[in-house]
Amino acid sequence: MNFRRKRKVILALGAGGARGLAHIGVIRALVTGGIPIDGIAGISFGSIVGALYSLYLDIDTVEQKLREYLESPLFQETRRGMELPHEDRSLSFLEKIQSTIKKGYFFTKALSRTSMITPEAFVLHMKELVRDHDFLDLNIPFKCSSVDLLTGDPIIFSDGKLVTALQASCATPGFFPPVKLHGMLLVDGGVAEMVPVFLARSFKPDYIIGVDVNREIEPIIEETDIHHSLDVVFRSYDITREFARVYTSREVDCIIRPDGGSGHWSDFMHFDFYVQEGYKAARAKIEEIRRQIFWFG
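Here the sequence shown is numbered in our numbering, starting from -2 and rising by one per residue.
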(Lines of atoms letter the chains of each structure in order from A and count residues from 1; the text may use other names and numbers.)
(Lines give C-alpha, C1' and ligand atoms only; values in the text may rest on other atoms or scores of the structure.)
Protein backbone atom coordinates (compact mmCIF):
# COMPACT_ATOMS: atom_id res chain seq x y z
CA MET A 1 0.00 0.00 0.00
CA ASN A 2 1.19 3.51 -0.79
CA PHE A 3 1.05 6.52 1.51
CA ARG A 4 -1.04 9.27 -0.08
CA ARG A 5 -2.31 12.75 0.64
CA LYS A 6 -4.52 15.39 -0.87
CA ARG A 7 -2.62 16.87 -3.81
CA LYS A 8 -3.27 20.55 -3.17
CA VAL A 9 -3.81 21.87 0.37
CA ILE A 10 -4.58 25.58 0.48
CA LEU A 11 -4.39 27.77 3.58
CA ALA A 12 -6.92 30.63 3.63
CA LEU A 13 -5.83 33.40 6.02
CA GLY A 14 -8.65 35.76 6.96
CA ALA A 15 -8.92 39.46 7.71
CA GLY A 16 -8.87 40.87 11.22
CA GLY A 17 -6.21 43.55 11.69
CA ALA A 18 -4.00 42.95 14.73
CA ARG A 19 -5.82 39.71 15.44
CA GLY A 20 -4.25 38.45 12.21
CA LEU A 21 -1.01 38.03 14.14
CA ALA A 22 -2.59 34.72 15.17
CA HIS A 23 -1.83 33.50 11.64
CA ILE A 24 1.82 33.25 12.68
CA GLY A 25 0.94 30.75 15.40
CA VAL A 26 -1.39 28.84 13.08
CA ILE A 27 1.29 28.38 10.42
CA ARG A 28 3.85 27.36 13.04
CA ALA A 29 1.50 24.68 14.39
CA LEU A 30 0.69 23.35 10.91
CA VAL A 31 4.35 23.17 9.89
CA THR A 32 5.52 21.49 13.11
CA GLY A 33 2.53 19.15 12.85
CA GLY A 34 3.60 18.00 9.40
CA ILE A 35 0.64 19.54 7.56
CA PRO A 36 1.59 20.53 3.99
CA ILE A 37 0.86 24.04 2.72
CA ASP A 38 0.76 24.00 -1.09
CA GLY A 39 -0.53 27.54 -1.49
CA ILE A 40 -1.88 30.48 0.49
CA ALA A 41 -4.87 32.73 -0.04
CA GLY A 42 -4.76 35.88 2.06
CA ILE A 43 -7.01 38.85 2.75
CA SER A 44 -6.08 42.06 4.60
CA PHE A 45 -3.60 41.24 7.40
CA GLY A 46 -3.82 37.61 6.32
CA SER A 47 -2.33 38.68 3.00
CA ILE A 48 0.69 40.20 4.77
CA VAL A 49 1.43 37.05 6.78
CA GLY A 50 0.72 34.87 3.74
CA ALA A 51 3.00 36.85 1.44
CA LEU A 52 5.86 36.85 3.94
CA TYR A 53 5.60 33.12 4.58
CA SER A 54 5.39 32.38 0.84
CA LEU A 55 8.52 34.49 0.40
CA TYR A 56 10.68 33.09 3.23
CA LEU A 57 9.12 29.67 4.01
CA ASP A 58 10.29 30.20 7.58
CA ILE A 59 7.70 31.28 10.14
CA ASP A 60 10.37 32.47 12.59
CA THR A 61 11.64 34.92 9.97
CA VAL A 62 8.07 36.10 9.33
CA GLU A 63 7.56 36.72 13.04
CA GLN A 64 10.85 38.61 13.30
CA LYS A 65 10.02 40.80 10.29
CA LEU A 66 6.62 41.70 11.71
CA ARG A 67 8.01 42.43 15.17
CA GLU A 68 10.61 44.76 13.69
CA TYR A 69 7.99 46.50 11.57
CA LEU A 70 5.50 46.97 14.44
CA GLU A 71 8.27 48.40 16.63
CA SER A 72 9.51 50.77 13.91
CA PRO A 73 9.06 54.56 14.27
CA LEU A 74 7.07 54.55 11.02
CA PHE A 75 4.41 52.19 12.38
CA GLN A 76 4.34 53.68 15.88
CA GLU A 77 3.60 57.13 14.52
CA THR A 78 0.81 55.75 12.35
CA ARG A 79 -0.64 53.66 15.17
CA ARG A 80 -1.09 56.72 17.36
CA GLY A 81 -3.08 58.38 14.60
CA MET A 82 -5.33 55.32 14.28
CA GLU A 83 -6.21 54.98 17.95
CA LEU A 84 -9.87 55.30 18.81
CA PRO A 85 -10.86 56.55 22.27
CA HIS A 86 -12.53 53.73 24.20
CA GLU A 87 -15.39 54.26 26.59
CA ASP A 88 -14.48 53.45 30.19
CA ARG A 89 -17.04 53.52 33.02
CA SER A 90 -14.26 54.41 35.47
CA LEU A 91 -13.55 57.72 33.74
CA SER A 92 -14.19 60.90 35.69
CA PHE A 93 -16.72 63.42 34.41
CA LEU A 94 -13.93 65.61 32.95
CA GLU A 95 -12.23 62.61 31.31
CA LYS A 96 -15.53 61.61 29.71
CA ILE A 97 -15.86 65.08 28.25
CA GLN A 98 -12.31 64.85 26.89
CA SER A 99 -13.09 61.41 25.42
CA THR A 100 -16.19 62.79 23.70
CA ILE A 101 -14.18 65.65 22.22
CA LYS A 102 -11.59 63.18 20.91
CA LYS A 103 -14.32 61.12 19.29
CA GLY A 104 -15.71 64.21 17.65
CA TYR A 105 -12.24 65.12 16.40
CA PHE A 106 -11.80 61.61 14.96
CA PHE A 107 -15.13 61.67 13.11
CA THR A 108 -14.45 65.18 11.84
CA LYS A 109 -11.17 63.95 10.37
CA ALA A 110 -12.94 60.94 8.89
CA LEU A 111 -15.49 63.16 7.14
CA SER A 112 -12.87 65.51 5.72
CA ARG A 113 -10.75 62.92 3.88
CA THR A 114 -11.00 59.45 2.29
CA SER A 115 -8.54 57.88 4.76
CA MET A 116 -6.70 58.53 8.01
CA ILE A 117 -3.35 57.58 6.43
CA THR A 118 -1.94 59.32 3.36
CA PRO A 119 -1.29 57.26 0.21
CA GLU A 120 2.43 58.11 0.43
CA ALA A 121 2.68 56.79 4.00
CA PHE A 122 0.74 53.65 3.05
CA VAL A 123 3.28 52.81 0.33
CA LEU A 124 6.10 53.22 2.84
CA HIS A 125 4.41 50.79 5.21
CA MET A 126 4.11 48.05 2.61
CA LYS A 127 7.67 48.59 1.33
CA GLU A 128 8.90 48.28 4.90
CA LEU A 129 7.49 44.74 4.88
CA VAL A 130 8.12 43.31 1.41
CA ARG A 131 10.63 45.73 -0.14
CA ASP A 132 10.57 45.45 -3.95
CA HIS A 133 9.76 41.75 -4.10
CA ASP A 134 7.59 40.40 -6.90
CA PHE A 135 5.20 37.43 -6.98
CA LEU A 136 7.90 35.68 -9.02
CA ASP A 137 10.14 35.73 -5.93
CA LEU A 138 7.71 33.59 -3.91
CA ASN A 139 8.52 29.99 -3.08
CA ILE A 140 4.94 28.70 -2.95
CA PRO A 141 1.85 29.98 -4.78
CA PHE A 142 0.17 32.95 -3.10
CA LYS A 143 -2.83 35.07 -3.97
CA CYS A 144 -4.51 37.99 -2.25
CA SER A 145 -7.64 39.90 -3.13
CA SER A 146 -9.21 43.32 -2.99
CA VAL A 147 -12.56 44.85 -3.92
CA ASP A 148 -13.18 47.53 -6.55
CA LEU A 149 -15.32 50.25 -5.00
CA LEU A 150 -16.56 51.35 -8.42
CA THR A 151 -17.96 48.01 -9.61
CA GLY A 152 -18.15 45.99 -6.39
CA ASP A 153 -16.14 43.20 -8.03
CA PRO A 154 -13.48 41.15 -6.19
CA ILE A 155 -10.02 41.59 -7.72
CA ILE A 156 -7.43 38.81 -7.39
CA PHE A 157 -3.68 39.49 -7.34
CA SER A 158 -1.35 36.66 -8.38
CA ASP A 159 1.45 38.51 -10.21
CA GLY A 160 3.28 41.82 -10.25
CA LYS A 161 4.70 43.77 -7.31
CA LEU A 162 3.80 42.53 -3.83
CA VAL A 163 3.70 46.12 -2.56
CA THR A 164 0.78 46.99 -4.83
CA ALA A 165 -1.11 43.78 -4.11
CA LEU A 166 -0.77 44.12 -0.33
CA GLN A 167 -1.72 47.80 -0.43
CA ALA A 168 -4.96 46.93 -2.18
CA SER A 169 -5.73 43.91 0.00
CA CYS A 170 -5.05 45.82 3.24
CA ALA A 171 -6.75 49.14 2.41
CA THR A 172 -9.13 49.15 5.39
CA PRO A 173 -11.95 51.56 4.42
CA GLY A 174 -11.67 54.89 6.20
CA PHE A 175 -8.23 54.23 7.66
CA PHE A 176 -6.02 53.37 4.69
CA PRO A 177 -6.45 55.02 1.28
CA PRO A 178 -8.10 53.18 -1.63
CA VAL A 179 -5.57 52.11 -4.26
CA LYS A 180 -6.05 53.57 -7.74
CA LEU A 181 -5.07 50.97 -10.33
CA HIS A 182 -6.08 50.56 -13.99
CA GLY A 183 -9.24 52.63 -13.56
CA MET A 184 -10.23 50.82 -10.37
CA LEU A 185 -10.49 52.08 -6.79
CA LEU A 186 -9.43 49.16 -4.60
CA VAL A 187 -10.09 48.55 -0.91
CA ASP A 188 -9.57 45.80 1.67
CA GLY A 189 -10.58 42.32 0.45
CA GLY A 190 -12.30 41.78 3.81
CA VAL A 191 -15.15 43.93 2.49
CA ALA A 192 -16.20 40.92 0.39
CA GLU A 193 -15.25 37.98 2.63
CA MET A 194 -13.58 37.78 6.01
CA VAL A 195 -12.22 34.28 5.33
CA PRO A 196 -10.99 34.08 1.71
CA VAL A 197 -13.00 31.06 0.55
CA PHE A 198 -13.73 32.40 -2.95
CA LEU A 199 -10.05 33.28 -3.33
CA ALA A 200 -8.87 29.88 -2.06
CA ARG A 201 -11.11 28.10 -4.56
CA SER A 202 -9.33 29.88 -7.42
CA PHE A 203 -6.38 27.53 -6.71
CA LYS A 204 -8.63 24.54 -7.59
CA PRO A 205 -7.71 22.93 -4.26
CA ASP A 206 -8.36 19.46 -2.89
CA TYR A 207 -8.53 20.72 0.69
CA ILE A 208 -8.95 24.18 2.24
CA ILE A 209 -7.89 25.13 5.76
CA GLY A 210 -9.60 28.39 6.70
CA VAL A 211 -8.40 30.65 9.52
CA ASP A 212 -11.00 32.99 11.04
CA VAL A 213 -9.43 35.52 13.42
CA ASN A 214 -12.46 37.76 13.89
CA ARG A 215 -14.19 38.07 17.21
CA GLU A 216 -17.83 37.15 17.50
CA ILE A 217 -20.12 40.10 18.10
CA GLU A 218 -21.25 40.43 21.70
CA PRO A 219 -24.89 41.01 22.65
CA ILE A 220 -25.70 44.55 23.76
CA ILE A 221 -27.27 44.44 27.20
CA GLU A 222 -28.59 47.97 27.45
CA GLU A 223 -30.30 50.05 24.79
CA THR A 224 -28.38 53.05 26.14
CA ASP A 225 -25.19 51.57 24.63
CA ILE A 226 -26.55 52.74 21.27
CA HIS A 227 -25.89 56.47 21.53
CA HIS A 228 -26.39 57.88 18.04
CA SER A 229 -26.98 57.06 14.38
CA LEU A 230 -23.35 56.04 13.76
CA ASP A 231 -23.67 53.41 16.51
CA VAL A 232 -26.75 52.03 14.73
CA VAL A 233 -24.92 51.94 11.39
CA PHE A 234 -21.79 50.27 12.79
CA ARG A 235 -23.78 47.73 14.83
CA SER A 236 -25.87 46.80 11.79
CA TYR A 237 -22.71 46.42 9.71
CA ASP A 238 -21.20 44.14 12.38
CA ILE A 239 -24.28 41.90 12.34
CA THR A 240 -24.16 41.63 8.53
CA ARG A 241 -20.47 40.70 8.68
CA GLU A 242 -21.15 38.11 11.38
CA PHE A 243 -23.75 36.31 9.26
CA ALA A 244 -21.44 36.35 6.22
CA ARG A 245 -18.51 35.09 8.30
CA VAL A 246 -20.47 32.15 9.71
CA TYR A 247 -21.78 31.01 6.34
CA THR A 248 -18.52 31.38 4.39
CA SER A 249 -16.55 29.50 7.05
CA ARG A 250 -18.82 26.50 6.45
CA GLU A 251 -17.48 26.30 2.90
CA VAL A 252 -13.97 25.21 3.92
CA ASP A 253 -12.84 21.68 4.82
CA CYS A 254 -11.45 22.76 8.18
CA ILE A 255 -11.89 26.04 10.05
CA ILE A 256 -9.47 27.24 12.72
CA ARG A 257 -10.73 29.98 15.07
CA PRO A 258 -8.11 31.39 17.47
CA ASP A 259 -9.54 33.02 20.59
CA GLY A 260 -8.32 36.59 20.26
CA GLY A 261 -10.30 37.91 23.21
CA SER A 262 -11.98 41.30 22.82
CA GLY A 263 -9.02 43.14 21.30
CA HIS A 264 -9.75 45.82 18.70
CA TRP A 265 -8.44 45.26 15.17
CA SER A 266 -6.03 48.21 15.53
CA ASP A 267 -4.56 47.07 18.87
CA PHE A 268 -1.13 45.59 18.08
CA MET A 269 0.11 45.69 21.69
CA HIS A 270 -0.57 41.98 22.37
CA PHE A 271 1.66 40.34 19.78
CA ASP A 272 2.62 37.28 21.84
CA PHE A 273 -0.95 36.64 22.99
CA TYR A 274 -2.32 36.50 19.44
CA VAL A 275 0.51 34.25 18.22
CA GLN A 276 0.02 31.86 21.14
CA GLU A 277 -3.74 31.67 20.61
CA GLY A 278 -3.22 30.94 16.93
CA TYR A 279 -0.81 28.13 17.75
CA LYS A 280 -3.15 26.68 20.36
CA ALA A 281 -6.19 26.71 18.05
CA ALA A 282 -4.30 25.09 15.17
CA ARG A 283 -2.69 22.41 17.36
CA ALA A 284 -6.15 21.35 18.45
CA LYS A 285 -7.04 20.68 14.79
CA ILE A 286 -3.88 18.85 13.69
CA GLU A 287 -5.17 15.28 14.16
CA GLU A 288 -8.44 16.09 12.42
CA ILE A 289 -6.58 17.56 9.44
CA ARG A 290 -4.17 14.62 9.26
CA ARG A 291 -7.04 12.13 9.11
CA GLN A 292 -8.63 14.07 6.27
CA ILE A 293 -5.62 14.67 4.03
CA PHE A 294 -3.44 11.56 4.60
CA TRP A 295 -4.33 7.95 3.92
CA PHE A 296 -2.95 4.60 2.77
CA GLY A 297 -4.24 3.33 -0.55
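Calculated directly from the structure, the hints in this document are not laboratory data. The structure displayed is predicted, hence computed values, not measured ones. Treat the hints with care, since some could be wrong.
[Stated by the list, open to error] Mimicking DSS-like on lysine-lysine, the simulated pairs with C-alpha atoms at most 30 Å apart in a straight line are:
1. Lys177 with Lys282
2. Lys62 with Lys277
3. Lys177 with Lys277
4. Lys177 with Lys158
5. Lys3 with Lys177
6. Lys282 with Lys201
7. Lys124 with Lys158
8. Lys5 with Lys277
9. Lys201 with Lys3
10. Lys177 with Lys5
11. Lys62 with Lys282
12. Lys124 with Lys3
13. Lys282 with Lys3
14. Lys124 with Lys177
15. Lys282 with Lys5
16. Lys158 with Lys201
17. Lys282 with Lys124
18. Lys158 with Lys62
19. Lys62 with Lys5
[Said to hold, decoys possible] Distance ranges between label pairs, derived from CB positions:
20. His224 with Thr161: 37 to 47 Å
21. Ser155 with Glu125: 32 to 42 Å
22. Tyr53 with Phe268: 11 to 21 Å
23. Phe240 with Asp55: 29 to 39 Å
24. Glu239 with Leu133: 15 to 25 Å
25. Arg287 with Thr58: 33 to 43 Å
26. Gly31 with Pro70: 18 to 28 Å
27. Ser155 with Asp55: 14 to 24 Å
28. Tyr66 with His224: 27 to 37 Å
Note that beta-carbon positions come from the ideal geometry of N, C-alpha and C, so glycine has one too.
Now the hints, each set against the structure:
1. Lys177 with Lys282: 40 Å, violated
2. Lys62 with Lys277: Holds: lysine 62 and lysine 277 sit about 22 Å apart, inside 30 Å.
3. Lys177 with Lys277: 39 Å, violated
4. Lys177 with Lys158: 15 Å, holds
5. Lys3 with Lys177: 39 Å, violated
6. Lys282 with Lys201: It holds: about 23 Å lies between the C-alpha atoms, which stays within 30 Å.
7. Lys124 with Lys158: 10 Å, holds
8. Lys5 with Lys277: Since the Cα atoms of lysine 5 and lysine 277 sit roughly 24 Å apart, the hinted pair holds (cutoff 30 Å).
9. Lys201 with Lys3: 12 Å, holds
10. Lys177 with Lys5: Violated, at roughly 33 Å.
11. Lys62 with Lys282: 27 Å, holds
12. Lys124 with Lys3: 35 Å, violated
13. Lys282 with Lys3: Given pair lysine 282, lysine 3 holds - Cα atoms ~17 Å apart, limit 30 Å.
14. Lys124 with Lys177: With a Cα-Cα distance of about 17 Å, the restraint between lysine 124 and lysine 177 holds, given a limit of 30 Å.
15. Lys282 with Lys5: 18 Å, holds
16. Lys158 with Lys201: Measuring from Cα to Cα gives roughly 23 Å; hence the hint holds.
17. Lys282 with Lys124: Roughly 34 Å between the alpha carbons, so the hint for lysine 282 and lysine 124 is violated.
18. Lys158 with Lys62: 19 Å, holds
19. Lys62 with Lys5: Holds, at roughly 28 Å.
20. His224 with Thr161: 37 to 47 Å: About 39 Å separates the Cβ atoms of histidine 224 and threonine 161, which means 37 to 47 Å holds.
21. Ser155 with Glu125: 32 to 42 Å: 23 Å, violated
22. Tyr53 with Phe268: 11 to 21 Å: Because 18 Å falls inside the window, the suggested range holds.
23. Phe240 with Asp55: 29 to 39 Å: 37 Å, holds
24. Glu239 with Leu133: 15 to 25 Å: For glutamate 239 and leucine 133 the Cβ distance comes to about 38 Å; the hint is violated.
25. Arg287 with Thr58: 33 to 43 Å: 26 Å, violated
26. Gly31 with Pro70: 18 to 28 Å: 40 Å, violated
27. Ser155 with Asp55: 14 to 24 Å: Once the Cβ atoms are compared, 22 Å apart, the range 14 to 24 Å for aspartate 55 and serine 155 holds.
28. Tyr66 with His224: 27 to 37 Å: At 35 Å between Cβs, range holds.
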